[in-house]
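Chemist: Sequence:
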Amino acid sequence: MLSKKYRFHSRGGVKYVYQKGKTIRKPKMSLIFCDNTRGFTRIAVVVSKKVEKTAVGRNRIRRRIYEAIRVNLDLVPKERDYIFIVYSKDVLKMGYKDLEKLLGELVAESKVCYNKKNG
RNA sequence: CGAGCCUGAAAGACAAUCGCUUUAAAUAAGAGGAAAGUCCGGGCAACAUAGAGCAGGGUAGUCGCUAACAGCGACCGUCCGUAAGGAUAGGGAAAGUACCACAGAGACAAUACUGCCCACCGGUUUUACCAGGGGCGAUGGUGAAAAGAGUGGGGUAAGAGCCCACAGCGUACGGUAGCGAUACAGUGCGGAGGCAAACCCUACCUGUUGCAAGGAGCGCUAGGUCACCUUAGCUCGAGGAUGCGCGUUUACCGCUAGAGUACUAUAGCAAUGUAGUGCCAAGAUAGAUGAUUGUCGGUCUCUUACGAGAUUACAGAACCCGGCUUAAUGACGGCUCAUUUA
RNA sequence: GGUCUCGUCGUCUAGCGGUCUAGGACUCCUGGUUCUCAUCCAGGCAAUCGCGGGUUCGAAUCCCGCCGAGAUCA
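So the first sequence is residues 33 to 151, counted in my numbering.
Treat the hints as calculated values from the structure; they're not laboratory data. Computed from a predicted model, the values in this text were never measured in an experiment.
Below, in silico cross-link-like pairs of lysine to aspartate or glutamate (DMTMM-like), each with a Cα-Cα straight-line distance of 25 Å or less:
1) Lys-58 with Glu-132
2) Lys-36 with Glu-132
3) Lys-110 with Glu-141
4) Lys-36 with Asp-67
5) Lys-60 with Glu-141
6) Lys-143 with Asp-67
7) Lys-37 with Glu-132
8) Lys-121 with Glu-99
9) Lys-54 with Glu-137
10) Lys-60 with Asp-122
11) Lys-81 with Glu-132
12) Lys-58 with Glu-137
13) Lys-36 with Glu-111
14) Lys-81 with Asp-130
15) Lys-52 with Glu-111
16) Lys-60 with Glu-84
17) Lys-82 with Asp-130
18) Lys-36 with Glu-99
Label-pair ranges, simulated between beta-carbon atoms:
19) Thr-86 with Glu-111: 29 to 39 Å
20) Lys-52 with Val-88: 30 to 40 Å
21) Val-144 with Asn-91: 26 to 36 Å
22) Gly-71 with Ser-120: 29 to 39 Å
23) Arg-92 with Thr-69: 26 to 36 Å
24) Lys-58 with Lys-81: 16 to 26 Å
Quick reminder that beta carbons are idealized off the backbone N, C-alpha and C, glycines included.
Sequences and hints are given; from them, build the entire structure.
Modeler: Okay, here's the thing in structure tokens:
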């Protein structure tokens, strides 16, 4: 689990990212991201009730994603806010390595966009 | 052996590495039997020191348990089942109102229609008949239900609880048993369709809103039989502000030891109570309680076997308790009936 | 977390406990009209009334319990 520092603390911050951020869509989940000025990354995971009906299932999806990011926190660019939105129930059952790979792809694409924007 | 009924334990274990929340910190602690649905009942908080009446809402066999309940236990009645057992909103229809489709003469009404009869009244073609007149309410096969008293006999012009015997119902009275619902037998009286999860009546209970409750400030001023406000649909009653200026709002308090729990003793058929001893550390707030790996278990599939693979229920605290309901894995054991054998 | 509302043909909806195994509109299918298509006309298919119990002679309707979908409160 990520420490409280790297998570969002209110609804306003999430709203801001939703409005100002860029989106990368994949079949199983999508990523919304934008810059911040805090000097560290903030992460949120959104799982709708339509994806998984039980609270246990939603919690498991959330915790697996948070864990995968925590382990690889050094690879994620700093001064950036990320929101992962889960669309598919498969995220619950897919292997840990596959999940890591999927998240890696999303983050890598976000880097490309970031570079383009600056260049 | 077959077909059933009742009951309902437990909620995988250990290790390593890396993390999260609480706390000053740590080698401390950190999801359930249903945390769920939010269907009932309380605590707690605010609203007047929460008061009165009406309206509205709820409950409905008896006794007990309980903080309380629509819950639980025991018992009674009714219905279902061969039985073990199961179900049961189970007060009042003799206070009143409404409804009872279709069919049927008729749906609670009778002066009607159909039918039976001619003793009596009346008429005539006069000893028989029935258009008129009179008597009867056992005929009518439709319907879920037909004035609700069934069977047999007597009785009569024809019939009818009109009378009798047996069986049975309701109600009143006192008797016996029981705390009581009720049961048993007796005497008198009676004819009253169903429906109250239709309105309603009776008895009892019920103020409203909910932790997003609510708390956490200061100063100035007016009025006080009006008006307005005080979280109630109406009336009464009680209270005083209203307004203006500044300050406060991702924070803090409420926020976790309680009708708590384990064992023993004891009262009780039981639900449950009483006493003693011990135990108690979740408290998040975009929301912690986890992830990965290994070993051993459980279940299923394949295989002669070794072994291999898959899987490991339902499900996640949000102020706290008592129930109910639903979700899901699922025995051991006890009992009933039938058949066969001894 | 609290408080409410609604579920009826494929879609949008009516529906006094009884002539409702359910009416209407649109859609769909068949036939007619037309040289052809549309329009129009005629006919037809399509609902176990969200699910399970109960009350009643009888339930889409009344009562209870679930399931699903939505709204709202700082």
